[in-house]
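Below are the chains, spelled out letter by letter.
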Amino acid sequence: MKTLKNIYENIGLPRLIIGLFFIFLVVTSIVLGFSPAALFSDVLRRWLMYGTLVLAMVPGIQSGIGLNFGISLGISAGLLGSVFAMEISFLRNWNEVLGAGAPWLTLLLALLFGIIMAAILGTLYGMLLNRVKGSEMTVSTYVGFSVIAFMNIVWLSLAFKNGELSWPLQGRGLRNTASLSGSFGGLLSNPDVVQSTQPAWLHWLAFKIGDFTVPLGLILVFALLCFIIWLFFRSKLGIAMSAAGENQLFTTTTGINVDGKRIQGTAISTVLGAVGIILYAQTYGFLQLYNAPLMMGFASVASILIGGASVRRAKISHVLIGTLLFQGILVTALPVVNEVIEIGTLPEVLRIIISNGIILYALSKTKGGNQ
Amino acid sequence: MSQKTNVLQKAGSFLFDNKVMIAFAAICVAAIVLSGSPMTFIVDGVFTRITRNTFTVLALIIPVLAGLGLNFGIVIGAVAAQIAVFCVVYWGFGGFSGMLLSVLIATPLAVLFGYLVGKLFNRMKGAEMIAGLILGYFADGLYQLLFLVIIGGIIPVNNPKLIISGGVGVKNTIDLTGNLKYAIDSVRMVDIVTVLFYVVLAITLIKVVLHLLKKYQLNKGDFILFGVVGLLFGISYIPVIERFLSTDRLGLLDALTAVLIVLAVVQIIKIVKSIWIDKQPAKNLVKPILALLGYGLIFGLTFIPEIENMLLFVKLPVLPFLLIAGLCWFNHKILSTRLGQNMRTVGQSQSVAMASGINVDQTRVIAMIISTVLASWGQLIFLQNIGTFSTYGAHTQIAQFAIAALLVGGASVQKATNKQAIIGVILFHTLFIVAPQAGKQLFDNAQIGEYFRVFVSYGVIALSLAMHAWKQFKKEVQPPAEGIDLGNSALPPVVEKQQILNK
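Chains R and S supply the protein sequences, listed in that same order.
The first sequence finishes on residue 371 if you use the working numbering, and the numbering steps up by one all the way, no holes.
The second sequence finishes on residue 874 if you use the working numbering, and the numbering steps up by one all the way, no holes.
Hints are computed from structural coordinates only; laboratory data are not their basis.
Worth double-checking, as some hints may not be accurate.
[Said to hold, decoys possible] Stretch by stretch, here's where chain R covers chain S in the computed footprint (C-beta under 8 Å, at least three residues):
{"no.": "1", "stretch": "494-508"}
{"no.": "2", "stretch": "514-526"}
{"no.": "3", "stretch": "811-821"}
{"no.": "4", "stretch": "832-846"}
Glycine residues also receive a C-beta, built at the ideal position from the N, C-alpha and C atoms.
Kindly produce the complete structure, drawing on both the sequences and the hints.
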């Protein structure tokens, strides 16, 4: 009995409800006759697609800035890196010069640009957050919104030659969604793309077992990122950062530079955001510009909270569990709902209710009884 | 010499205190010049938007007073209003009686919602703003669930005009033409005067009865009020005036003239009073006389053809403006009540308030209820003026825009006044009107202007929240020389320690 109670307390009520709901959806969809293989490949794909963006929450929470709603900053850096890389690839005509290597180089260049910009922006952003201690979340939400609004102006003013990016017949402005099919879209995760563009010795990157798709390349990249972050928080630097996040007064007395650690945490979080959006776009096959990333921060925050993180503590396992549950529900809800009642927007409504409900729940847990 | 520096200092501190407003005014002027739009168009648009939005912006002031910060939760009030509007349209009511019914439905809903939000905020002290923001999204989700799934899906509703053709879910837009459109705007002035007269008559009669029962002492003010309203009611029977009052719109020129006359009368009464009754020295007359000259100058300006044309073009709906004025009066008056004083104390320091025996949690809940109810009424005014009810969009941006407008007017997380709200609405919506055209002229792309105004509305909130948090943080790190600053801090260190201990 006691162990049962322990397990319950470890899991927590919201996670239990959401977990049971996910299992219920999976069972229902299989009973309704959907192919489990197709369903699970979809869940796996979405899990990996959002994974890195959720992983970006960990350094933020651990370093003490709380839920980083300002991940939009990293997302914007990643998107900007991607469009620059694609434009350069187009101008240099890499597709013809390099052949199968072109998407790889574009991807690497996008990551490079994205990471550099995110590191700079993240550092500045961390300095801002050090000045608003105690209200980081409110400020970061609106900084995130402002950045997306500002980037809207940037997207609209960029004059690019690449036809995949810019509107046809207009000198200026980028498309709302730019297809990555001629670039790095699906390079790590889509068997069709890998098979048609890459040499035979790279075909292991993504393959099919029956109906089940294994995006092995993406799995490896995500696992590597998780491992790096896991390792980082076991290193001296990472432990100091966690300490800074946990107890500022104590940490200051031991001679650790709390503000510096917070800046580092924010910068790492922002960089992961940039990497995350590039991996997201890679999996999705499209770059979504303008207002598409506006609410991505909320989805990431909700995911890690569903996974069991709090405003002050987060682990890699929280990332994995949370993303699986949150994305899993969204993927499986759609076919089930369509079968029962024909309301296509219900999963979207569910997403809004679940994600914001869980954030509210977490906030009420952390700041309750502040007298 | 010292006076001169004093003036300079005053001017300096005025500039500093109003830096947000001044910067924004400069942007507005630049955008107006760039856009090249005719002033008639701009002024007309701004007044339309003042009618629509000011009430909601004013609904934000009381939570600021009570220390709850900017109330992002007003979305929930708007949701209450929208549920009411849907019911009224579905039942087929319309006109002013339909609007009254909407108010009757929306108000209890908003009271309930406000109560719940207040309770929730009491569990998240110091994080009200982020909680309110998330709560707004959460409420939006529940609202969508209600309107997309439950209406039609669970509650059978049969009305092809309102329901999506499959029978489940409410359509994207509901046309209010013919039922609630202009239900408040189109109330005739003569009706307002009549109702006002009977209300004042009833109040005065009650007071007289109470006076006779020796429970209330009649005073001069009661008679003056009754006299003025009675006079107004009396002259509304003069044919010329009756014809003028039987319209529902008031020309801006007439409105301006009326306001100037009233102000001038007030100043003349002041002058008369200070010369013949108080017998004060002539020095005190400088201000009223200057004011009179100013009014005269403004009145003179209206004779310039361009300005006159503009003023003749713009027509104001009367009742919404009276409601806005009423709310300003309410926001002002509540300060002198016991409740208002309690709110202020709670806003300044919760610990001090608690020490002096104020029920902090209850006061905060009341502030939230008032704000939510006011926001729901504001949304009703907005919807009846705009005439089409966008079912899933009308409420989503309301908190965002209302808060941005208030901040543009120079308000902060801790201080907001009626004046700031009104100036903010004017400036913010001026930019809204001219930005697309300015963007088109400047960048050859109207979309850029549109994105710019969205950026400004987010940016001004981000900036003001950051400045507030910064100030707060500095105060915490270096306590001021005077010492006590117990309340207000977003998350005082003591609490942080407590939380760690709780773990």
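Status of each hint after checking the structure:
Counting residues of the stretch 494-508 of chain S whose C-beta sits closer than 8 Å to any C-beta of chain R gives 12, which meets the bar of three, so the coverage hint holds. Requiring three or more residues with a Cβ within less than 8 Å of a Cβ of chain R, the coverage given for the stretch 514-526 of chain S holds, as 5 such residues are present. For a cut-off of 8 Å, the count of residues in the stretch 811-821 of chain S with a CB near a CB of chain R stands at 4, and the three-residue condition holds. Evaluation of the coverage hint for the stretch 832-846 of chain S: fulfilled, as 9 residues show C-beta separations to chain R shorter than 8 Å, against a requirement of three.
Of the numbered hints stated above, none is contradicted by the structure.
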